[in-house]
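Protein chains: 2
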Amino acid sequence: MSAEIEDLLKRYQNYPNVVGIIILDPFAIPIKTTMEYTLTVHYAALISTLTSKAAKMVTNLDASNELMNIRLRTKVHEVIVLPSENYIIIVVQNPGS
Amino acid sequence: MSAEIEDLLKRYQNYPNVVGIIILDPFAIPIKTTMEYTLTVHYAALISTLTSKAAKMVTNLDASNELMNIRLRTKVHEVIVLPSENYIIIVVQNPGS
Chain V
1 MSAEIEDLLK
11 RYQNYPNVVG
21 IIILDPFAIP
31 IKTTMEYTLT
41 VHYAALISTL
51 TSKAAKMVTN
61 LDASNELMNI
71 RLRTKVHEVI
81 VLPSENYIII
91 VVQNPGS
Chain L
1 MSAEIEDLLK
11 RYQNYPNVVG
21 IIILDPFAIP
31 IKTTMEYTLT
41 VHYAALISTL
51 TSKAAKMVTN
61 LDASNELMNI
71 RLRTKVHEVI
81 VLPSENYIII
91 VVQNPGS
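One line per chain: the protein sequences are V and L, in this order.
First residue of the first sequence? That's 1 in the numbering used here, and the numbers climb one at a time after it.
First residue of the second sequence? That's 1 in the numbering used here, and the numbers climb one at a time after it.
For reference, chain V alone in the conformation it holds in the complex:
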């Protein structure tokens, strides 16, 4: 499992303009991060809540549908959330020029 996490990390580090990657377990516990600890914990708490709400919203609108990913564009960053069965991957990017 730890090799799998390293692979995930490597894959997303190749995304352009990546400033940080956080990998959460399904209980929203950070199991890997390239960001500062307090920011990681902050992201983990907020993103996991938002993701579970978004996932519920999607199935609420259509029971056969499923959330694949969320992109939050902010003035400063783009935050990409990739939920899966075993992990929630959070990729923080600087917006492309």
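Heads up, a few of these hints could be off.
It does not matter which identical chain is meant; a pair holds if it fits inside one copy or across any two.
Computed cross-link-like contacts, PhoX-like style, restricted to lysine-lysine with a CA-CA straight-line distance of at most 20 Å [as the list claims (entries may be wrong)]:
#, residue 1, residue 2
1, Lys56, Lys75
2, Lys53, Lys10
3, Lys32, Lys75
4, Lys32, Lys56
5, Lys53, Lys75
Just so you know, the hints here were simulated from the structure itself, not pulled from any lab data.
For clarity, every value in this text was computed on a predicted model and none was experimentally measured.
Please build the complex by placing chain L on the supplied structure of chain V, with the hints as guidance.
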């Protein structure tokens, strides 16, 4: 104001693969929609809640930051949420081929 809404509607209808557009006022009341009524009301309630949570989350992480838009990719659709001072615009697209 109604001309402004018509302009918004026209602009987003030119997006590729658009299947529906909903324009909400800041109180999450649908003021324009191209979708069926019950689905519009359903989207309005869920998206406005999610958007306000996401906006709070962004400023919570960094008080000088601001949410620009949200993209929710689902198995069936991509939902783009564009919050602004006067409206929340929801654009539902079929994913590009």
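- prompt: Checking Lys32 and Lys56: alpha-carbon separation at most 20 Å within a copy, between copies, both or neither?
  reply: Intra 25 Å, inter 25 Å, cutoff 20 Å: neither.
query: Given identical chains, is Lys56 near Lys75, meaning Cα to Cα at most 20 Å, within a copy, between copies, both, or neither?
result: Between. Shortest inter-copy distance 14 Å satisfies the 20 Å Cα cut-off; intra-copy 27 Å does not.
task: Can you give me the call for Lys53 and Lys10, within, between, both or neither, at a CA distance of at most 20 Å?
output: neither (28 Å within a copy, 31 Å between copies)
message: Treating 20 Å as the Cα threshold, decide for Lys53 and Lys75: within, between, both or neither.
response: Classified as between; 17 Å across copies, 23 Å inside a copy.
- prompt: Between the shortest in-copy and the shortest cross-copy C-alpha distance, which are at most 20 Å for Lys32 and Lys75: within, between, both, or neither?
  reply: neither (26 Å within a copy, 27 Å between copies)
When held up to the earlier numbered hints, the structure conflicts with 2, 3 and 4 and fits the remainder.
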